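Student: Keeping their order, the protein sequence lines are chains A and B.
According to the numbering used here, the first sequence is numbered sequentially starting from 1.
According to the numbering used here, the second sequence is numbered sequentially starting from 1.
Since the hints were derived computationally from the structure, they do not count as laboratory data.
It is possible that part of the hints are untrue.
Listed next, with one range per pair, are the computed distances between beta-carbon atoms [to be verified]:
id : chain 1 : residue 1 : chain 2 : residue 2 : range
1  : B       : Leu234    : A       : Tyr10     : 18 to 28 Å
2  : B       : Ser133    : A       : Gly272    : 42 to 52 Å
3  : A       : Ile156    : B       : Glu237    : 50 to 60 Å
Only a predicted model underlies this, so the values are computations on that prediction, with no experimental measurement involved.
Don't be surprised by glycine CBs; every beta carbon is placed ideally from N, CA and C.
Below are the chains, spelled out letter by letter.
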Amino acid sequence: MAVDYIYPDYEIVRNYDRCITCRVCERQCANEAHRYLEDENKMICDDAKCVNCHRCVSLCPTKALKIVKTDHCFKDNANWSGKTIKEIYKQAGSGGVLLSSMGTPENYPVYFDKILLNASQVTNPPIDPLREPMETKVFLGSKSQTVRRDANGRLITDMPPHISLSMPIMFSAMSYGSISYNAHESLARAAEKLGILYNTGEGGLHEDFYKYGASTIVQVASGRFGVHVDYLNSGAAVEIKMGQGAKPGIGGHLPGKKIVGDISKTRMIPEGSDAISPAPHHDIYSIEDLRQLVFSLKEATGYKKPVIVKIAAVHNVSAIASGIARSGADIIAIDGFRGGTGAAPTRIRDNVGIPIELALASVDQRLRNEGIRDQVSIVVGGSIRSSADIVKAVALGADCVYIGTSALLALGCHLCRSCQTGKCNWGIATQREDLVKRLNPNVGYERLVNLVSAWQHEIKEMMGGMGINSIESLKGNRLMLRGVGLNEKELEILGIRHAGE
Amino acid sequence: MKLSAFELGYQALNEKVRASEDDIEIDQCYGERFIGAGAQDKTITVNGTPGNALGCYLNGAAIVVNGNAQDAVGDTMNDGKIIVYGNAGDALGYAMRGGKIFVKGNSGYRTGIHMKEYEDTRPTIVVGGSVGSFLGEYLAGGLIVVLGLGTDGFPAGNFTGTGMHGGEIFIRTAIEPKSLPKQVSMSLADESDMAHLQDTLQEYSGLFGVSMDEILSKPFYRLTPNATNPYKQLYTEN
Numbered sequence: 001m002a003v004d005y006i007y008p009d010y011e012i013v014r015n016y017d018r019c020i021t022c023r024v025c026e027r028q029c030a031n032e033a034h035r036y037l038e039d040e041n042k043m044i045c046d047d048a049k050c051v052n053c054h055r056c057v058s059l060c061p062t063k064a065l066k067i068v069k070t071d072h073c074f075k076d077n078a079n080w081s082g083k084t085i086k087e088i089y090k091q092a093g094s095g096g097v098l099l100s101s102m103g104t105p106e107n108y109p110v111y112f113d114k115i116l117l118n119a120s121q122v123t124n125p126p127i128d129p130l131r132e133p134m135e136t137k138v139f140l141g142s143k144s145q146t147v148r149r150d151a152n153g154r155l156i157t158d159m160p161p162h163i164s165l166s167m168p169i170m171f172s173a174m175s176y177g178s179i180s181y182n183a184h185e186s187l188a189r190a191a192e193k194l195g196i197l198y199n200t201g202e203g204g205l206h207e208d209f210y211k212y213g214a215s216t217i218v219q220v221a222s223g224r225f226g227v228h229v230d231y232l233n234s235g236a237a238v239e240i241k242m243g244q245g246a247k248p249g250i251g252g253h254l255p256g257k258k259i260v261g262d263i264s265k266t267r268m269i270p271e272g273s274d275a276i277s278p279a280p281h282h283d284i285y286s287i288e289d290l291r292q293l294v295f296s297l298k299e300a301t302g303y304k305k306p307v308i309v310k311i312a313a314v315h316n317v318s319a320i321a322s323g324i325a326r327s328g329a330d331i332i333a334i335d336g337f338r339g340g341t342g343a344a345p346t347r348i349r350d351n352v353g354i355p356i357e358l359a360l361a362s363v364d365q366r367l368r369n370e371g372i373r374d375q376v377s378i379v380v381g382g383s384i385r386s387s388a389d390i391v392k393a394v395a396l397g398a399d400c401v402y403i404g405t406s407a408l409l410a411l412g413c414h415l416c417r418s419c420q421t422g423k424c425n426w427g428i429a430t431q432r433e434d435l436v437k438r439l440n441p442n443v444g445y446e447r448l449v450n451l452v453s454a455w456q457h458e459i460k461e462m463m464g465g466m467g468i469n470s471i472e473s474l475k476g477n478r479l480m481l482r483g484v485g486l487n488e489k490e491l492e493i494l495g496i497r498h499a500g501e
Numbered sequence: 001m002k003l004s005a006f007e008l009g010y011q012a013l014n015e016k017v018r019a020s021e022d023d024i025e026i027d028q029c030y031g032e033r034f035i036g037a038g039a040q041d042k043t044i045t046v047n048g049t050p051g052n053a054l055g056c057y058l059n060g061a062a063i064v065v066n067g068n069a070q071d072a073v074g075d076t077m078n079d080g081k082i083i084v085y086g087n088a089g090d091a092l093g094y095a096m097r098g099g100k101i102f103v104k105g106n107s108g109y110r111t112g113i114h115m116k117e118y119e120d121t122r123p124t125i126v127v128g129g130s131v132g133s134f135l136g137e138y139l140a141g142g143l144i145v146v147l148g149l150g151t152d153g154f155p156a157g158n159f160t161g162t163g164m165h166g167g168e169i170f171i172r173t174a175i176e177p178k179s180l181p182k183q184v185s186m187s188l189a190d191e192s193d194m195a196h197l198q199d200t201l202q203e204y205s206g207l208f209g210v211s212m213d214e215i216l217s218k219p220f221y222r223l224t225p226n227a228t229n230p231y232k233q234l235y236t237e238n
C-alpha cells in the first residue's frame, strides 16, 4: 500500500551551469532538502523535504536555485481537488488532526480590497504632509463620558488609564515559544523606538525584556502561563485573551518538546511538559465572570493599566463586544479569521470565524447605537497587510490595528506556513539555537522600524489626500469609503456607499 | 490594623488593604471581592464572607478567613497561604502556581483546575470535606488533597482529573474511585506516599483541630497522570 506517498507540492530547480557546489543551500536548510554527493561533486535535493521558504534561494551566491510549483497533478476535478485528496491520505495514514500555521490561504473575499478611499479635489483642498503637521497619535482606553468641573470651574481630568501611541499600530500577540528570543527582542526594541506597543502573547515575559515594559502589553490567557503580579505590573496594559482569529473557540497547545530552557522558565512550567491553554477560561462562563477577571487584574495593578479583552471575530461579535464594553474592559481587540497563528487545526483555521472588516463595522455601529462607543477603544487585527488596510480600518471605526504577519514578513518570514514544525530557517518560529541566531535583532528591529515608519508616512499621505490632518477625524468616518463590486447587504453591514454614489 | 468593610465597597476596601504596611483584620465583610489581590507580605484576616477572587495573584501574603469564602479563591496564586475556616466556592486555586490553600469544609466545582508547578514552587490545596465535579481538571502540577471528612459517600463529583498531565491528587475515601478519565492512573496510597503527605496532613490537623487518627482512619487513593504529553499523537502536519 503506497497511497501515502504524496508527490511534493513544490520542486527545487537547480541550474547546474551556475551551481558551484559551495553547499550553502545544504547548510542553510533545517529541513535537509539539499545533499552533497562527494563522489560526483554534485548537489542533489529532495523536493519532499522542501517547505518553499526560499532560504536557500535567497542565499545561493550564484542564483542557481528556484522553487516552482509542481505540474504533477491529479485528474482534474472541480469538487475533489488535489489538496483535498492529499489531506484525506494524510489523515487516513496518521489518524491525526490536520495542523497548519499562519493565516488561512483559502480564497475568501478580502473586503479591504473592495473598498476605495476618497480624496479631496478643488473644494476642501488636500494637505501635503511634507509641509503641514499631520497628527497620527492615538490614545487607547475608556474616554470620559461627561465634562466634569470642580468647585472653581476647572476641568477635572482624572481619566481612566490610557495607552498613548505615536500611530494607530501595535504588534499583535506572539508568544515567546511560538517565536524566538531574537524575534521578540526585535519587536520590543522596534516598539520602543516607534512609540508603539508589542504584545507578549500568552507565554510570559522573558526577564531580559522587562526593561521594555513601557512598550509592552502583557497577555493573560486561559493557561495563565508566566502570569504573576510583577509580570502584570511590568507592562503598559494587560490583555485577556479570550480568542484568536485563526482558531476561534479552541485553545492553544505548545507541545512539550518545545518547552525547553528559557521557554520553560518564562512560562514557569517544567521542561518537556505540554503547555495547554484550554479553549475557555474555566472561570469565565459569562460577561459577569469576565468582569470579575477584568477587575481582578485592575485590582492587582492598582487601576493603573488599561485592560484589553481580545476575542476572535465570530458571528455574534457585536453582541459579544457590547458585553465586553460593559464588563469594565478599556479596550476590545477583535481578531479576524484571516489572522495568523503558530499552529492551528487546518479545519478550524480555514472554516471558523468571519472577516475582520465586517466584524469591525458591525461592532462599531452596535456600540454607537447603544451609546457606549466611547467607553472602549477598538483594536482590530487579522491580516492587516498595508497602510491602506489601516486607513480603511480606522475609517470603518477602529482606533488602532494589530499587525502580526506583516511584522514577521519584515523580519524575514517568507510565509511558507510551516511554523508548527519548529524548524524555521529564518530564525523566527523556532527555538533551535543555530536557527535563532540567523535573525539578528539589530537588523530585525531596524526593518520593523523601517516598515512601520513607511506606513506612517503613507497613512499621512492618504489622510492628507482626504483633507484630514488628524487620525481622530478619520476614525469612523465612513463617508471616506466607497465599495466596489459589493452587494447591498455587504454595503449595509460595512455602512458604506457604493462607488459612484 | 483593624477596619470594617461595612458600606465601604470593594475598591475602597482594597485600596486600604494595599496601602497598609501592617497586618490587617477586616470585620463585617459581606462579599467584597478581590481582597488581597497580588498581596506580597502581610497577614489579612477576614471576619465574615469575602467575595469572589479572594487572594487572586497572591504573592506571598497570608489570608485567614473566619467564615466561608466564595468563588475563585487564590486565582493564579503564586505564593503565600490562604486558610478558610469554613467552605469555599467554585474554581478554588485556579491556575495556582505556588503557595498553599487549606479549606476546613467543602469546596465547589472545578477545584484546583490547571494548577501547575515550577522549580521549587509546588502549590498545595487541602479540602477537608467534599469537592464538586471537575476536580483537578487539566492538572499540570502540584498537590490536591481531598479528605472527605464528615461524609461516607465518595467525596468528589464527576470528571476528576480530566486532561490531567502533571501533579497528584489524593482522595481519602473508603470507596474506590470509579470511571476516571483515561489520562488518570489510580493506586492506593502506599507507605511512602503517606510519608510524603505527612506534613501537609499535620498542617491541616493543626489548623482545624482534627486529629491525625481521624484523618488516617480511611485509606487514601492517589491519582496521577499516565502521560505527561497526552496530546502528542493528536496531530498530523498539513
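Student: Where does the structure disagree with the numbered hints, that is, which hint numbers, in rising order?
Tutor: Violated hint: only 2; rest satisfied.
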